[in-house]
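Peer 1: Sequence lines, in order, name chains A and B. Here the first sequence stands for residues 1 to 109, numbered as in this note's numbering. Here the second sequence stands for residues 1 to 113, numbered as in this note's numbering.
Please note that the accuracy of each hint is not assured.
Derived list of chain B stretches under chain A, where covered just means 3 residues or more per stretch with a C-beta under 8 Å from a C-beta of chain A [claimed, not checked]:
id, region
1, 42-52
2, 97-104
Think about it this way: if two alpha-carbon atoms lie no more than 20 Å apart in a straight line, the pair counts; the simulated SDA-like pairs of lysine to any residue are [stated by the list, open to error]:
id, chain 1, residue 1, chain 2, residue 2
3, A, K56, B, F99
4, B, K42, A, N22
5, B, K42, A, G40
6, B, K57, A, G93
7, B, K83, B, S58
8, B, K42, A, D7
9, B, K42, A, K56
10, B, K78, B, E53
11, B, K83, B, G16
12, B, K42, A, Q95
13, B, K42, A, T27
I should point out that these hints are in silico values taken from the structure, not numbers from a laboratory. Note that the structure is predicted; figures quoted are calculated from it, not measured. All residues carry an ideal CB built from backbone N, CA and C; glycine is no exception.
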Amino acid sequence: SQQGEEDPQALSIQEGENATMNCSYKTSINNLQWYRQNSGRGLVHLILIRSNEREKHSGRLRVTLDTSKKSSSLLITASRAADTASYFCATDGAQKLVFGQGTRLTINP
Amino acid sequence: EPEVTQTPSHQVTQMGQEVILRCVPISNHLYFYWYRQILGQKVEFLVSFYNNEISEKSEIFDDQFSVERPDGSNFTLKIRSTKLEDSAMYFCASSPRAFAGYTFGSGTRLTVV
Numbered sequence: 001s002q003q004g005e006e007d008p009q010a011l012s013i014q015e016g017e018n019a020t021m022n023c024s025y026k027t028s029i030n031n032l033q034w035y036r037q038n039s040g041r042g043l044v045h046l047i048l049i050r051s052n053e054r055e056k057h058s059g060r061l062r063v064t065l066d067t068s069k070k071s072s073s074l075l076i077t078a079s080r081a082a083d084t085a086s087y088f089c090a091t092d093g094a095q096k097l098v099f100g101q102g103t104r105l106t107i108n109p
Numbered sequence: 001e002p003e004v005t006q007t008p009s010h011q012v013t014q015m016g017q018e019v020i021l022r023c024v025p026i027s028n029h030l031y032f033y034w035y036r037q038i039l040g041q042k043v044e045f046l047v048s049f050y051n052n053e054i055s056e057k058s059e060i061f062d063d064q065f066s067v068e069r070p071d072g073s074n075f076t077l078k079i080r081s082t083k084l085e086d087s088a089m090y091f092c093a094s095s096p097r098a099f100a101g102y103t104f105g106s107g108t109r110l111t112v113v
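With these hints in hand, go ahead and build the complete structure from the sequences.
Peer 2: Shown next as structure tokens:
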């Protein structure tokens, strides 16, 4: 299985702080993607990083990918209350996404 | 911004009944998917669909499940004889090409009683 697994499972920080979530996977991939899910809602695509990329930015998001360690991290800078959600990494290696368990992020005002 | 639309948002059905979950993917997308998420658990792949046929399916997607793209816009998931363990949130997704980001719908919450 090429499943991504997130760490930590839950993270609670103060508004304005940075949040870092990590993801590990097992097999070779074409790309790795991060999604956000607000409670009971659909998944929203945040960012995609290809296997030949090491770092990517999008607004307050920074994603890194280390294919030698089969790991990725998602950094959210200057967190806001609206960032409270679950964050999932998903690996794409065979025309389907395989999701990890997710990190539940809570931003405290 | 284009959206993937799923209907109904919530469906309650009796065990053994057939259900059809409906999705309208983004019009210029070529790849279509169904995923499900049992409450509190991870998002699980069910099936991918490209060029009017199933390209991959998971072990979950057994003979009780089928997908169809009947009219070039709708994409449906049918569960022939629902079981209690089919209770979950079902998400439809589409992508414009292989190895691209997916756009997910808001989901259908299926409750089997």
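Peer 1: Please go over all the hints and tell whether each is borne out by the structure.
Peer 2: Do the hints match the structure? See the list:
| no. | hint | result |
| --- | --- | --- |
| 1 | 42-52 | holds (count 6) |
| 2 | 97-104 | holds (count 7) |
| 3 | K56(A) - F99(B) | 17 Å, holds |
| 4 | K42(B) - N22(A) | 16 Å, holds |
| 5 | K42(B) - G40(A) | 13 Å, holds |
| 6 | K57(B) - G93(A) | 14 Å, holds |
| 7 | K83(B) - S58(B) | 18 Å, holds |
| 8 | K42(B) - D7(A) | 14 Å, holds |
| 9 | K42(B) - K56(A) | 25 Å, violated |
| 10 | K78(B) - E53(B) | 15 Å, holds |
| 11 | K83(B) - G16(B) | 6 Å, holds |
| 12 | K42(B) - Q95(A) | 19 Å, holds |
| 13 | K42(B) - T27(A) | 19 Å, holds |
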